[in-house]
Amino acid sequence: RKEVEQDPGPFNVPEGATVAFNCTYSNSASQSFFWYRQDCRKEPKLLMSVYSSGNEDGRFTAQLNRASQYISLLIRDSKLSDSATYLCVVNLFSGGYNKLIFGAGTRLAVHP
Amino acid sequence: ETGVTQSPTHLIKTRGQQVTLRCSSQSGHNTVSWYQQALGQGPQFIFQYYREEENGRGNFPPRFSGLQFPNYSSELNVNALELDDSALYLCASSRGPQETQYFGPGTRLLVL
Numbered sequence: 083r084k085e086v087e088q089d090p091g092p093f094n095v096p097e098g099a100t101v102a103f104n105c106t107y108s109n110s111a112s113q114s115f116f117w118y119r120q121d122c123r124k125e126p127k128l129l130m131s132v133y134s135s136g137n138e139d140g141r142f143t144a145q146l147n148r149a150s151q152y153i154s155l156l157i158r159d160s161k162l163s164d165s166a167t168y169l170c171v172v173n174l175f176s177g178g179y180n181k182l183i184f185g186a187g188t189r190l191a192v193h194p
Numbered sequence: 416e417t418g419v420t421q422s423p424t425h426l427i428k429t430r431g432q433q434v435t436l437r438c439s440s441q442s443g444h445n446t447v448s449w450y451q452q453a454l455g456q457g458p459q460f461i462f463q464y465y466r467e468e469e470n471g472r473g474n475f476p477p478r479f480s481g482l483q484f485p486n487y488s489s490e491l492n493v494n495a496l497e498l499d500d501s502a503l504y505l506c507a508s509s510r511g512p513q514e515t516q517y518f519g520p521g522t523r524l525l526v527l
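Protein sequences appear in the order of chains A and B. First residue of the first sequence? That's 83 in this note's numbering, and the numbers climb one at a time after it. First residue of the second sequence? That's 416 in this note's numbering, and the numbers climb one at a time after it.
Do not rely on the hints blindly, as some may be mistaken.
Below are the DSBU-like pairs computed for lysine-lysine, each with C-alpha atoms no more than 30 Å apart in a straight line [as the list claims (entries may be wrong)]:
(1) B:Lys428 <-> A:Lys127
(2) A:Lys161 <-> B:Lys428
(3) A:Lys127 <-> A:Lys84
Read the hints as simulated data drawn from the structure, not as lab findings.
Let the hints inform the model, and build the full structure from the sequences given.
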């Protein structure tokens, strides 16, 4: 079983649509959680951290359920510029260092 | 931009050769982590260097080795290259082993 599993993509949605990505993680000792965005042939960039209380950044809302080991990302009013791969990431601190564990990513394509 | 730089940007090698990839960390950062991202996958943790010592290692064979220098820049060395080593190699620097990691643009390695 993969440590971080995400919805298989791609998601093809029209501009203005709402799209939701889901992610599960296997290690209950995971301590912090993130969504990263990766554009084609570029490095991953931090989109937002994810908290149990839920957090929102403009059109983006992230949610964490520790009991279910489940993370979600909701994008409202999708823009063409949202087209990218979205990576679910957990941070495991063990043995004195932080290790980021990435899911395989879900590709989003927003079309006119 | 994160201030993390990597060189070279692209590299082509043949099986059995050796390669050295370089990473300059952001000013004020003393920790560098390396990741391998194969096509269609999320980045996989290779190892982390903190104050010139290997601080943690993922599930990669010993032919993947590294160094960190007094200025906290780092090298990733891969010996006896295999076709499956073809990937995007990312480094990330942070203020410490437990701090947020900032990614460089990556080095794209192709092994023929």
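A quick look at each hint next to the structure:
Straight-line distance between C-alpha atoms of lysine 428 of chain B and lysine 127 of chain A comes to about 28 Å, which keeps the hinted pair within the 30 Å bound. With a CA separation close to 39 Å, the supplied pair lysine 161 of chain A and lysine 428 of chain B exceeds the 30 Å bound. Between lysine 127 of chain A and lysine 84 of chain A the alpha-carbon distance is near 22 Å, which keeps this suggested pair within the 30 Å criterion.
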